[in-house]
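Let the hints inform the model, and build the full structure from the sequences given.
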Amino acid sequence: MYQTTYHRASSVDEAASLFAKGTEAKFLAGGQTLLPVMKQRLASPSDVIDLGKIKELQGVELSGDVLTIKAGTTYFDIMQNADVKKAIPAIAYLTSVLGDPAVRYRGTIGGSIANNDPAADYPAALLALGATVKTNKRSISAEDFFQGLFTTALEDGEIITAVSFPVPAKAGYAKMRHPASRFALTAVFVAQTKSGEIRVAATGASQSGVMRVPAIEAALKANWSPAAIDGVSVSASNLLADIHGTAEYRANLVKVMAQRAVTAAG
Amino acid sequence: MSTVKLTVNGKAVAVDVEDRTLLVQLLRENLNLTGTHVGCDTSQCGACVVHMDGKAVKSCTMLAGQADGANVTTIEGIAKGDELHPMQAAFRDNHGLQCGYCTPGMIMSAIDIVHRHGGELDEATVRQELEGNICRCTGYHNIVKAVLDAAGRMKVSQAAE
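From first to last, the protein sequence lines stand for chains A and P. Letter by letter, the first sequence follows residues 349 to 614 in this note's numbering. Letter by letter, the second sequence follows residues 182 to 342 in this note's numbering.
Since the hints were derived computationally from the structure, they do not count as laboratory data. This list has only true hints and no planted wrong ones.
No more than 16 Å apart at the CA atoms, straight line, and that leaves these computed lysine to aspartate or glutamate pairs for EDC-like:
{"hint": "1", "chain 1": "P", "residue 1": "Lys-236", "chain 2": "A", "residue 2": "Asp-425"}
{"hint": "2", "chain 1": "A", "residue 1": "Lys-401", "chain 2": "P", "residue 2": "Asp-249"}
{"hint": "3", "chain 1": "A", "residue 1": "Lys-374", "chain 2": "P", "residue 2": "Asp-200"}
{"hint": "4", "chain 1": "A", "residue 1": "Lys-387", "chain 2": "P", "residue 2": "Asp-200"}
{"hint": "5", "chain 1": "A", "residue 1": "Lys-374", "chain 2": "A", "residue 2": "Glu-503"}
{"hint": "6", "chain 1": "P", "residue 1": "Lys-326", "chain 2": "P", "residue 2": "Glu-301"}
{"hint": "7", "chain 1": "P", "residue 1": "Lys-236", "chain 2": "A", "residue 2": "Asp-448"}
{"hint": "8", "chain 1": "A", "residue 1": "Lys-401", "chain 2": "P", "residue 2": "Asp-234"}
Among the chain P residues that face chain A by a calculated CB cut under 10 Å, a handful are:
{"hint": "9", "residue": "Arg-201"}
{"hint": "10", "residue": "Thr-223"}
{"hint": "11", "residue": "Ala-237"}
{"hint": "12", "residue": "Leu-244"}
{"hint": "13", "residue": "Ala-245"}
{"hint": "14", "residue": "Gln-247"}
{"hint": "15", "residue": "Gly-250"}
{"hint": "16", "residue": "Gly-286"}
{"hint": "17", "residue": "Leu-311"}
Every value quoted in this text rests on a predicted model; they were computed, and no experiment measured them. Where is the CB? At the ideal position from N, CA and C, for every residue including glycine.
Take a look at the structure:
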């Protein structure tokens, strides 16, 4: 790891002002991605601003039909949380198959979505549920937030403070886990909103990061059942292909994971 | 350079380190607690697991500064004098190690698993929960046996306290 200067912020405002003073600063949430990347010397921030001790970034609130998870809440705290389990159990499940126990103690939802890894889990949940990302400057819809591989709508120095999820009528998540990295080889989040809209998002599949799958949404709109997806064809063009799986394999996984997610959603 | 103040195995320490220092480097190189190992250095293998404020974390994937003010327990801090921790004793009795490289991390993760699941542990749960710890010798079989054995012993020793 290259030299850097470590700062611990005690509030979001302090973090923002520390960032502004750095020449090439980076925010550190749980560090489960940033630190490995710094160790590989793929990132060399002049300053690291630790958000881990900021109290206003911790916690979960359920208010009516909106579940709000503050950005610094760890995976462990999310999967254990009674409101998460009650309102959107698919999010608790998604979190329980993310990383490993030690990673789940440290990693945070804000860190995950700010990084926007194309095979990360949370982007699929945000996109399928129509979540809103709250920052210290504005609110951004999930649709506008995720902008391709490792790219988001966040401006330099902007800090995610929370994610708000509308509580759906039904939701489910299914993931083909890469056994070593534990990232999604392909995973699908399906949701039926309370107004009856069907939204399906796949992660780990597309070269452009998390994506909606309109063909599966249409099939499920007509008939909410795993069998409804049998006849859908998912195009392999623009899907990821690597030593772990071809684009055609991932295209098939999108269907199979969507079917399993519908089964899980009930 | 920054001064990191933390409690390690019950002892308050203050260590001057470069800001880029990882917690595992502080433990091994500044405090000479070399029981905590660096295996993969990519947060996959779990050889570096220690407890921070009661939670099993990968000390190779934390800056030392992030542990400022924390209470850290390493493999050196779990025995009571000459009396092994029940998890250590169970690993010995069940032949839960061969080369021993992964063992400190395995034991620290395993204690955390027992703390979280208590007497509800079964083989499938242990295997799933140990996914962040890699062993290249044992095939895991005796490690799982040791964790299940220790879960029973820890319950008994808790009940006795």
